[in-house]
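In case you want the letters, here they are:
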Amino acid sequence: MHETVLMRNLLDTVEQAIENHNVKRVNRVVISVGKLANVLPDALSFAFEAMTQDGIMKGAELEIKSMPAVAHCDDCGAEYQVDGFPIVCPACKSAGFRIISGEEVYIQSIDCEE
Amino acid sequence: MAKLEINKDLRSLNNRKAAENREKFKSHGIYVINMMGSPGAGKTTLLENILPKLGAHLRTAVIEGDLATQNDALRIAKTGVTALQINTNGGCHLDSEMIENQLRKLDLDSLDLIIIENVGNLVCPASFDLGEDMRMVVLSVAEGEDKPVKYPTAFLNADTAVITKTDLVPYVNVDVNVMKRYIAGINPKVMVFETTKKDGEYMADQLVEYIVDQAGRKKGI
Chain A
1 MHETVLMRNL
11 LDTVEQAIEN
21 HNVKRVNRVV
31 ISVGKLANVL
41 PDALSFAFEA
51 MTQDGIMKGA
61 ELEIKSMPAV
71 AHCDDCGAEY
81 QVDGFPIVCP
91 ACKSAGFRII
101 SGEEVYIQSI
111 DCEE
Chain B
115 MAKLEINKDL
125 RSLNNRKAAE
135 NREKFKSHGI
145 YVINMMGSPG
155 AGKTTLLENI
165 LPKLGAHLRT
175 AVIEGDLATQ
185 NDALRIAKTG
195 VTALQINTNG
205 GCHLDSEMIE
215 NQLRKLDLDS
225 LDLIIIENVG
235 NLVCPASFDL
245 GEDMRMVVLS
255 VAEGEDKPVK
265 YPTAFLNADT
275 AVITKTDLVP
285 YVNVDVNVMK
295 RYIAGINPKV
305 MVFETTKKDG
315 EYMADQLVEY
325 IVDQAGRKKG
335 I
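Residue numbers (this note's numbering), protein chains in the order written: chain A, 1 to 114; chain B, 115 to 335.
Isolated chain B (complex conformation) (with noise of 0.2 Å):
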């Protein structure tokens, strides 16, 4: 009987596209975010809503990933940005590969933002880095306060936490602030940002401001 010592990651495929797709992004100068929640929690519905902000000082594309359908990248191209779907058939993750094949159709040269929505799952898409910048986890109350606490994988390698619908808290016996400390008990370094609804209109201005404040930092502007 003979030992062979091997000593690699089985992410390592993974971790070493993820690494090529960083210096890409870097080379372009471009800022990519990769959100991450629950199907459900609003990720959709907040890039609608911020994308036409965004807009104004970004030249942005999303990369959009789900199990099935186009209904996604459908609903992102109806706000102007160019959105990419990836189906993953079944799959529980994005992985930098598949980000790798959708940044050969988009012209890198002409854009300072990608976010890549990932599959609605708060477990599986934490341990797959697919060479972000910032890692954005969205989650809305309705989910309840302890979310944070049942799921900690996904905020541990969080920087930002989006809580969304914070308009239905009247409904969902959920209180923000014991939402937040259970995030801040995770992890302290999170900034955590409220999405709302007043008056029909949404509101995610702070999020707006950080994600272009980061994106021009990368930039060196």
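Looking at chain A on its own, in the form it has when it is part of the complex (with noise of 0.2 Å):
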């Protein structure tokens, strides 16, 4: 349950990132959760809801759009979805490969008034 620890993170990138505009408000703020990220999109919400009661943030909307997990096969190097285990590439069946996204968990963008 680090979600609170991420939800830290997205604040202090969102003010770096509005620091040299003219922000009066933030109105909504999309990030992507990949399926192998770890965290629960509920409590991301219920975390960044507690933590913007005031201030420039205060009443933003938070949109998740899952992501899915790619893998890269090792040996004909096709890249595919992973949708469960085992991971075994759809190609040539072979189960080595290595996971080239859907661990991430990132701010894509903010919706504000100027």
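Check the hints yourself; a few may be wrong.
What the hints assert, rightly or not - Computed beta-carbon distance windows for the label pairs:
1) A:D83 - B:L181: 31 to 37 Å
2) B:G194 - A:D83: 45 to 51 Å
3) A:G59 - B:S126: 23 to 29 Å
4) B:E137 - A:C76: 29 to 35 Å
5) B:S141 - A:E79: 33 to 39 Å
6) B:R189 - A:H72: 38 to 44 Å
7) A:N20 - B:L222: 35 to 41 Å
8) B:E137 - A:E19: 27 to 33 Å
9) A:E49 - B:N185: 35 to 41 Å
10) A:M51 - B:R130: 21 to 27 Å
11) B:K264 - A:F46: 22 to 28 Å
12) A:D12 - B:A116: 16 to 22 Å
13) B:D281 - A:C76: 39 to 45 Å
These are computed hints drawn from the structure, not numbers from a lab. Because the structure is a prediction, the values reported are computed rather than measured. For each residue, glycine too, the CB sits at the ideal point set by N, CA and C.
These two chains come separately, so use the hints to put the complex back together.
Shown next as structure tokens:
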């Protein structure tokens, strides 16, 4: 349950991003959460709401986009979506892989009033 | 309404510090293990038993992570190995900045190996890079043979898995081979080791050999 830590980072990141802009209000924050990120969207939303009770982000909306997990096959080089375990390449059936995305928690953009 | 593109990973601070730690370990030729597992998996007991054997080959220090108490660091200190304790005060994982702070207390030139025992938790620690070379997951037979498939992300990026307490197999209705198959199903590259107690003696020689070999490779021996 480290969603609060991530939300703290999110608030810091937003503050840095708007530092040089004349922003009056932040209305929406869009983040993407990988399927393998070990993060619970509901807990993120809860932490976000709890931590934006006042200030420039008061009442802002959090939009969470779920991102698929993608693996790169060690043997044939194919890139494929991971839907469960075991992870097997659909092209060559190899079980050797490297996860190339799906573990990240990304802040994509914010909508704000200037 | 204006839209500002940010595109930044919320773990970027952790990742940056982890890269700095990794660079520091590399420049000192120190091999680093990030040990993870549920509470009670046998992480500290494993350390107590392998440290004296590792000590014959490698100058080692241990960093212990727990929510509270100095208990684990005190247990490790009894083996004669330098042990530092981090208390996360409720935090569910260690992060790279906590490790950076502990590194200041160690004489890195006099070390070959650092083992970090993460907070007992099979979920969160897996998502936070500390700058380690080896990710080790420790799980005991008593946790059930399907533990790997119930907590897959811990095994996904693991390099080694250590199945502990295999002497309890007759009492807990677990097939170690099934457990191994589950681990291989998540990530076939994970090297699996077993530890057991036989006639009162803790057996983990293969694991010790492997760690000594890996640390030697990093040092260029």
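Assessment of proposed distance window 45 to 51 Å (beta carbons of G194 (chain B), D83 (chain A)): 49 Å, holds
Satisfaction of the hinted span 35 to 41 Å by the C-beta atoms belonging to E49 (chain A) and N185 (chain B): Between E49 (chain A) and N185 (chain B), where Cβ atoms are some 37 Å apart, the hint holds.
Cβ distance range 23 to 29 Å for G59 (chain A) and S126 (chain B), holds or violated: Holds - the Cβ-Cβ distance for G59 (chain A) and S126 (chain B), about 27 Å, lies within 23 to 29 Å.
R189 (chain B) versus H72 (chain A) beta-carbon gap, inside 38 to 44 Å or not: 41 Å, holds
Pairwise beta carbon distance, K264 (chain B) to F46 (chain A), judged against the given window 22 to 28 Å: 24 Å, holds
E19 (chain A) and E137 (chain B) - C-beta distance against the hinted 27 to 33 Å: This hint holds: roughly 29 Å between Cβ atoms.
E79 (chain A) and S141 (chain B) - C-beta distance against the hinted 33 to 39 Å: Holds - the Cβ-Cβ distance for S141 (chain B) and E79 (chain A), about 34 Å, lies within 33 to 39 Å.
Outcome for the supplied range 16 to 22 Å, where the beta carbon pair is D12 (chain A) and A116 (chain B): At 20 Å between Cβs, range holds.
Cβ separation of N20 (chain A) and L222 (chain B), checked against the hinted range 35 to 41 Å: 39 Å, holds
Cβ separation of M51 (chain A) and R130 (chain B), checked against the hinted range 21 to 27 Å: About 23 Å separates the Cβ atoms of M51 (chain A) and R130 (chain B), which means 21 to 27 Å holds.
Beta-carbon spacing of D83 (chain A) to L181 (chain B) - inside the hinted bounds 31 to 37 Å or not: 35 Å, holds
Outcome of range test on Cβ distance (E137 (chain B), C76 (chain A); 29 to 35 Å): 34 Å, holds
In this structure, every one of the numbered hints holds.
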